[in-house]
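Peer 1: Okay, here's what each chain looks like letter by letter:
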Amino acid sequence: MSMLNKRKRIDFLYQGITYFASSISLIALAMIFYFVWSNGSGLLNLDLITKDYHAQYYNGELDENSPFSTMERPIELDENVFYSEKYGLGVSDGIDREGNPIILVVYVSSDSPLRKMQDRNSEQIISLEEDMLISKVSFNDKATALRTFGAKYMIDELDSAVDFREMVFTSIGGGIRGSIITTLYLIGMTMLVALPIGVFTAIYLNEFAKKNRMTNILRILVDTLSGVPSIIYGLMGLAVFVPLTIRTTSATSGNLISGSLTLAIILLPVIIKSTEESLKVVPDGLRQASLALGANETQTTFKVVLPSSIPGILTASLLGIGRIIGESAALIFAIGTAVKDDISITGKSTSLAVHIWSMMTDEPANIELSSTIAVIILMIVLILNIVVKFISKKLMKPLA
Amino acid sequence: MDKQVFNIMNLDLYYGKFQALKNINLIIEKNKVTALIGPSGCGKSTFLRVLNRMNDLIDDCHISGEVYFHQEDIYREKFDVIDLRTRVGMVFQKPNPFPMNIYDNVAYGPRCQGIKDKDELDKIVDNALKSAALYDEVSNRLKESALSLSGGQQQRLCIARAIAMEPEVILMDEPTSALDPIATLKIEELINDLKEKYTIIIVTHSMQQAARISDNTAFFLTGEIVEMDLTNKIFTTPKNQKTEDYITGRFG
Numbered sequence: 001m002s003m004l005n006k007r008k009r010i011d012f013l014y015q016g017i018t019y020f021a022s023s024i025s026l027i028a029l030a031m032i033f034y035f036v037w038s039n040g041s042g043l044l045n046l047d048l049i050t051k052d053y054h055a056q057y058y059n060g061e062l063d064e065n066s067p068f069s070t071m072e073r074p075i076e077l078d079e080n081v082f083y084s085e086k087y088g089l090g091v092s093d094g095i096d097r098e099g100n101p102i103i104l105v106v107y108v109s110s111d112s113p114l115r116k117m118q119d120r121n122s123e124q125i126i127s128l129e130e131d132m133l134i135s136k137v138s139f140n141d142k143a144t145a146l147r148t149f150g151a152k153y154m155i156d157e158l159d160s161a162v163d164f165r166e167m168v169f170t171s172i173g174g175g176i177r178g179s180i181i182t183t184l185y186l187i188g189m190t191m192l193v194a195l196p197i198g199v200f201t202a203i204y205l206n207e208f209a210k211k212n213r214m215t216n217i218l219r220i221l222v223d224t225l226s227g228v229p230s231i232i233y234g235l236m237g238l239a240v241f242v243p244l245t246i247r248t249t250s251a252t253s254g255n256l257i258s259g260s261l262t263l264a265i266i267l268l269p270v271i272i273k274s275t276e277e278s279l280k281v282v283p284d285g286l287r288q289a290s291l292a293l294g295a296n297e298t299q300t301t302f303k304v305v306l307p308s309s310i311p312g313i314l315t316a317s318l319l320g321i322g323r324i325i326g327e328s329a330a331l332i333f334a335i336g337t338a339v340k341d342d343i344s345i346t347g348k349s350t351s352l353a354v355h356i357w358s359m360m361t362d363e364p365a366n367i368e369l370s371s372t373i374a375v376i377i378l379m380i381v382l383i384l385n386i387v388v389k390f391i392s393k394k395l396m397k398p399l400a
Numbered sequence: 001m002d003k004q005v006f007n008i009m010n011l012d013l014y015y016g017k018f019q020a021l022k023n024i025n026l027i028i029e030k031n032k033v034t035a036l037i038g039p040s041g042c043g044k045s046t047f048l049r050v051l052n053r054m055n056d057l058i059d060d061c062h063i064s065g066e067v068y069f070h071q072e073d074i075y076r077e078k079f080d081v082i083d084l085r086t087r088v089g090m091v092f093q094k095p096n097p098f099p100m101n102i103y104d105n106v107a108y109g110p111r112c113q114g115i116k117d118k119d120e121l122d123k124i125v126d127n128a129l130k131s132a133a134l135y136d137e138v139s140n141r142l143k144e145s146a147l148s149l150s151g152g153q154q155q156r157l158c159i160a161r162a163i164a165m166e167p168e169v170i171l172m173d174e175p176t177s178a179l180d181p182i183a184t185l186k187i188e189e190l191i192n193d194l195k196e197k198y199t200i201i202i203v204t205h206s207m208q209q210a211a212r213i214s215d216n217t218a219f220f221l222t223g224e225i226v227e228m229d230l231t232n233k234i235f236t237t238p239k240n241q242k243t244e245d246y247i248t249g250r251f252g
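Those sequence lines, one after another, are chains A and B.
Each residue of the first sequence is one higher than the last, beginning at 1 in this note's numbering.
Each residue of the second sequence is one higher than the last, beginning at 1 in this note's numbering.
Looking at chain B on its own, in the form it has when it is part of the complex (with noise of 0.2 angstroms):
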């Protein structure tokens, strides 16, 4: 079995003259959970974005060399990015839910890709908010506003949103950025629990978090990465004074 999901190799990536990574080169385990950590403005948002291809919607992003999930060059020509992103799910730093119904939210992806039979889409729902433990919460108001939801709902509800597609990994920017304490922990558990099924890239500030959640870690500075290893190593033994100066909270 495959154990690599994405591989990258000798990436360069420019917002226009700028350029944002630098020779970045990192392959991602299967089922594992990937954290990304680094100053803001280090590039690991702009890297998130790399892997489903979001960075397409900035006018003059370019990039250069190889991106391979499985064993196929996302950056090919022809390349199907929507097939792409239903297989690589995202989840946004503030919880975007659509303006719709909490049902309507979650059954969106699938509708989008042509499932229209009400039982298949009632169970995928279903499914997606017992895997994003959301289904408790809210099983018997599904009809209502998804904006009705606290925060922390809402973010759990963007992820079954995201699970909704039966994505093979959930890219995840900053998802506890935005709130409280109780929810980010509900959140944590949620990752743990999810990385059972799907392989998990999150970019995150909290050192805590990443060492809380993460298998293995990715520092970046300045656009590239300084050192990448399991989460405990880096952690308790980095290699690199920069690394050790940013998770003592030297800088950053």
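If we strip away everything but chain A, and leave its shape as in the complex, we get (with noise of 0.2 angstroms):
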């Protein structure tokens, strides 16, 4: 009886323990989420990953050509709109996250002249769009109509005057659209170079390579490699690669492609490892089946081997973008910080994770918006790991 009770006892311990470690990974993944979401869900919003980070400056004039009419102010207008028939335009007071006032731009009619104005800088025609900025308005015969003084008087003012020599307007910055995209970049790049490098030296090693001397330094030379702290592999980037990459392309700076070369440098050890334990789990009888069919060896490999390990591979995939998301230590030296709205393969442009790192360096820090992009990245993550268990569940459905 004792026995039993003792037993009993011991059992309860060793469940219990499980119980507390598992629930202290639940609780750590909880609290990471409570946090990213109660502090940047606020900023979130279709705009924030649409537009530019840069605020863009223009200066604006009529086009002589453009003709005048009424357009009538449209119902469904706020009351705190101030509005112009004779420019189309709705305005309203605001102000911006340091508190300056700001004339935000709600609504501009269809046929607006302010849609086709001519740069005064470029000659080029732009338009002024919903959420721009007004900075100010200035007249041939009288004060220019500064966004201090109110959007009231800016209307009144363009109202009561024949035309304007010049409006300065902006679009609103602080858009991450530029560090996603170079997140993509850096993802399908990366990849691109990664993927076959890695898949085809793990075929190497687990199906052709001879057992000696010179794959086993080989494997211990993969197992170091993941163990190397990324900052290393970022330096490696900054001393190889960016001059490489100036050397050879119109860059002059760290790029996307020294980047996304530095990234697949770290991703290989990854997708190497995955790959080969894929492929470790392929039954032997499969290979012998085959090659008693007649087969050789690379027709085994690559007709019955491979296609029973990409699941696998997929999965080594999925780790890999995992990790592409979230490098940041590598990529401040092998890209660069410079979060950029044009985003060209040899510019300079930053990924989202660096993109936290520079808001966080900013003075003040912003705390808010980097919540924010933690956001987007966790469900960047969140939907690439349901996309790629859909698809590793598509083809394993013949496989099973």
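In case anyone wonders, no lab produced these hints; they're calculated from the structure.
Careful, some of the hints might be misleading.
Result set (BS3-like, lysine-lysine): computed pairs, CA atoms no more than 30 angstroms apart in a straight line [claimed, not checked]:
1) K303(A) x K242(B)
2) K116(B) x K394(A)
3) K303(A) x K130(B)
A quick note: this is a predicted structure, and the numbers were derived from the prediction, not measured.
Two independent chains are provided; combine them into the complex using the hints.
Peer 2: Shown next, in the form of structure tokens:
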């Protein structure tokens, strides 16, 4: 009887430890989600992910040929919107993040001459759009209407004057479109390099390589590489890939190519390892069956073994993509920290994770926007996870 | 016409320093079923794998002696192993269909030999499935996964896959040991039909199976052939005491 009691107590203890451990990891995960969501959900909207980070300045003047007509005030406009029938323009007062007054464009009629202004600097056609800010309007025969005078004053002045000499307006910045595009580019370009090299290395190691010292050394090398801190890869990217891309392309600094190549090196051991694991679990019976049918080793590997290990390779890709999205230390060196809106693969730009880093090193640190970016990163990872699960299920169907 | 398919002379086989086969001398006759019996670890499966050189896959496996397939020594240098394996098919203990659909499983071997013509492949697949007595059960679901078949059907699919190569010899390594009695019976009937066209060498643990389906039987013990004769002689009047002990179930 006492033996049985002791047994029961030990079982209880062991089970308790597993419950305790799993609840700690669950709580930690929940806390991360709670922290970024409570801080960042406020800023989360479509504008954030579709708009530029840097405000664009425009100096517009009216096109001489554009006709004036009376445009009626749309009924859906709010009461606190000041409207000009002459220009079909609705604006309202507001304040920016630093507390300065701004004049926000709420409505511009599609017939408005403000839609087809000329840029005084570039002679290009520019258009005033909703959600832009008007800084000031200068006239030919009276004082300039500044944003500090308010929306009502600006509309009154616009209506009373014949026309204006110059309208200075800006787009709202703070969007992270550029960093999202950079991150997607990084994922695509890195996987393009790392996946084939990693998969073929794993195939060589597991299927073709003779068990000798060379392959042993190669394996140890791969294991070691996966343990190297990523900032060291970043240094290598800075020392090797950045000069290399500057010499061979039009790049003048860290760029998407050097960043992708550095990430590809980081990913190689991850992809090699997990592909090898998935090749190892392919039953030997399948290899033997193929060889016994007169297939050679190459046919066996590529027609039987590789297709069977595709779910494993997909998992490897997912791990790799997660690593790309999350990597910041290496990228600070290998691609740089400049937040950009126009992304080219030989130009400066930065990924979402590094965007967070540069927001947090600003003075004062922008925790809110950083958390919002974190929410977006988590969402991307979640979506990727679901997509890969779905694909591998689809691929597994004929196998199961 | 050449009646000897395989002629094995003074064959020794080593795994590293361990001698797995000792001085094997054996002739395999055309269009006969030859059963290899003996207790586990006696070398009968190893011997079977000598005949299509599957032992090549094992790193420290060495061989001495001669193995003639028709008049050709299959262990001479520069011998074409791929060609040998297209002429000597193999069915394994555990059904091991490829994770593809039924059609692709059967067409795998011919495709590896470069046959791409769809009509030709269709014909090969149909004939192979018919010969393996599987056609009626799967003809309307050729595009379904081979893994959706039952164990017995999978094993017959593996036989069809081997037949698709139109080999002269089919090696079978305990093909029914993972199957239930009904599936086993079907495979045994199939082997009976197949010996019209093919030479079959089968490793089996079941004495009854050897007695039912084989023409010749070789009894292996600790890497040696103790006795080799017509099956009904082995099972009725064995010459060697050890053979008698084994087939009457006194050991093994």
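Peer 1: Now tell me if each hint is right for this structure.
Peer 2: Status of each hint after checking the structure:
A distance of roughly 47 angstroms separates the Cα atoms of K303(A) and K242(B); the hinted pair therefore is violated under the 30 angstroms criterion. Between the alpha carbons of K116(B) and K394(A) the distance comes to roughly 27 angstroms, so the proposed pair stays at or under 30 angstroms and holds. Taking the CA atoms of K303(A) and K130(B), the gap is near 25 angstroms; set against the 30 angstroms cutoff, the hint holds.
Checked against the numbered hints above, the structure violates only hint 1.
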